Every structure is written in C-alpha cells, then in structure tokens.
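Keeping the supplied structure of chain Z fixed, place chain R upon it in accordance with the hints.
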Amino acid sequence: MQLADLVFYLLALLTVGSAAVVAFSRNVVYAAFSLMGTFLGAAGLYVFLAADFVAVVQVLIYVGGILVLMVFAVMLTHRIEDVQVSNRSVGTLPALLVVGAGAAILGYAVVTTPWRTAEPVPAEATTRIIGDLFLGDYLLPFELASVVLLAALIGAVSLSRKELRRE
Amino acid sequence: MIGLTHYLFVALLVFALGLFCVLTRRNSLGILMGIELILNAANINYLAFARFGPATYDGQIVAIFVIMLAAAEAVVGLAIVLGIYQTFHSIDVEATETLRG
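Residue numbers (my numbering), protein chains in the order written: chain Z, 312 to 478; chain R, 51 to 151.
Derived from the structure by calculation, the hints contain no laboratory data. The model shown is predicted, which means the values in this text are computed figures rather than measured ones. Ideal Cβ positions, reconstructed from N, Cα and C, are used throughout, including at glycine. Possibly wrong hints are sitting among the right ones.
Which stretches of chain Z does chain R cover? Using the computed rule of at least three CB atoms under 8 Å from a CB of chain R, they are [as the list claims (entries may be wrong)]: (1) 322–329; (2) 332–343; (3) 368–378; (4) 402–410; (5) 437–447.
Residues on chain R that point at chain Z, a partial pick, calculated with CB under 8 Å [said to hold, decoys possible]: (6) 55; (7) 69; (8) 98; (9) 131.
Isolated chain Z, as found in the complex (with noise of 0.2 Å):
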C-alpha cells in the first residue's frame, strides 16, 4: 500500500470516525468538538482532491468561524451542571431503519453506476483559476452571495438583540 493511500483512509477514518461521535454522543460538548476532527479530516481530504483553495477556506470558515459560534451557543445556553445529558436520542431504531435503507440505496448506485471518469489531470494552484471563475463567469452569484451575507447578517443582529421597546 502506498504512503498517500495510507494518509487517505487515515482522513477517511478520522472523518467519518468524529461524524460518528457527533451522532451518537451523548455529550453535547463532545459532539461539539469531534465535529473539529469531521472538518479538518474533510479539508485533508479536500487536498486529495486538488483543491487547495477550498481546503483553506473549509478550515478558515468552518473551523474558525462556525464551529466556534457552535461552541458559544452551546456554552451559552447549557447550565453547566445539564452538560452530562444534554444531548438525548429518541427514535432510535426507526431512524436507524430509514437512515440504513437510505443509505444501502446511496451505495448500490454508488456501486452499479458507470462514472465516466477522466484521468486527473496534475494538481495545480487553485487560487488564481477560482479567483478569475468568480469575477467572470459566476460574477452575478458572487454578488448575490455578498447580498446573501449580509441579509444574514443583519437578520443575526435584529433576532438575536434584546426588545428595546418603549410600553
């Protein structure tokens, strides 16, 4: 087995392993910060993948921007003495039921369908491609992304601001 082969199921493990922690633990602390080893195993494998770029950005924003959110919600709304079962299951089994049959599904047809791939081609820098693609070709998404933002910015604001109002 070669070297990158071996670092591949390494990510592969480390991602689906912290996804499964996420699922299945019943700490919600612990489901907070095993989501960090889904997003860093993700962009390792997003390096696999020849995409530099977005495997920056994958730690940038997910690891830095939104897992921390994640970790500040859950410490502000959980008194610390409820952390130890905060984060029940119910349904279990039906769930288990569907999510399996979904799942057997997904892989049948991962497994029966003919991809057409193509041979990669050799890696090579990202950035410059993706930054020319979004100031030409997908200039008005993104636009529409920065209008997008701050809509949810603005509406983070006014949800989460205290009444002000004057009885």
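Relative to chain Z, chain R alone:
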C-alpha cells in the same frame, strides 16, 4: 489506487450519520451539527466529481458557495436557538410546542 467511489463512500457515510443526527436529536444544537455534517458530505461529493470528471473547476466554485451558505445558515440558526433559549429556558425542540395546532 484511490478512486471516485472511495470518496463517494466517505461522503455517503458522513451523510448518513448527519441524517441520523438530524432525525434523532432533540437538542436544537445537535440538529444544527447534523446539518453541517450533511453539507460537508455534499462538499466532498462536489470536489470528488470535480476531480475525477472533466477538468473544470465548477465543482470547487459550488463547494465555496456551499461553505458560504453554511456560514449564513449557522449564524441565523444559532441566533434563533439563542432566542428560543431566552423564551423557553431550554433548547430541547420538544419544549417548544406552543406553535402546535
């Protein structure tokens, strides 16, 4: 040799775990974490198809848009969770039943 199906299977497992998380959790933060898992699985698929398909970068662009939308969704979702906590003093989704008809 690591091929397309390897990545698809990793994404499939992450998606299944995320769906399980969304279906069974009663903690609204747990549900948001499941949604993040599902979005990550979608991203792995996009990048795998971008790598092993025809040599274009459209898949990477879409992955960046997915990450952007996940950030917006997480911000608004967590603001809603904090609002629910201030009103109900719990973020258990079964405690917030006052909208039930």
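Hint by hint, here is what the structure shows:
Under the rule that three or more residues need a Cβ within less than 8 Å of chain R, the assignment of the stretch 322–329 of chain Z holds, with 3 such residues. Counting residues of the stretch 332–343 of chain Z whose C-beta lies closer than 8 Å to any C-beta of chain R gives 5; at least three are required, and the coverage claim holds. Counting residues of the stretch 368–378 of chain Z whose CB falls under 8 Å from any CB of chain R gives 6; the rule of at least 3 is met. Coverage of a stretch by a chain is defined here by at least three residues with a beta carbon nearer than 8 Å to that chain's beta carbons; for the stretch 402–410 of chain Z and chain R the count is 6, and the condition holds.
A count of 5 residues in the stretch 437–447 of chain Z with a Cβ less than 8 Å from any Cβ of chain R is obtained; the coverage claim is therefore met, three being the minimum. Because the smallest distance between the Cβ of residue 55(R) and any Cβ of chain Z comes to about 6 Å, under 8 Å, the interface hint for this residue holds. Using the Cβ-Cβ criterion of 8 Å, the hint placing residue 69(R) at the interface with chain Z is satisfied: the shortest such distance is roughly 5 Å. Because the closest C-beta pair between residue 98(R) and chain Z is about 6 Å apart, less than 8 Å, the hint holds.
Below 8 Å, beta-carbon pairs count as interface contacts, and residue 131(R) has one with chain Z at about 6 Å; its hint therefore holds.
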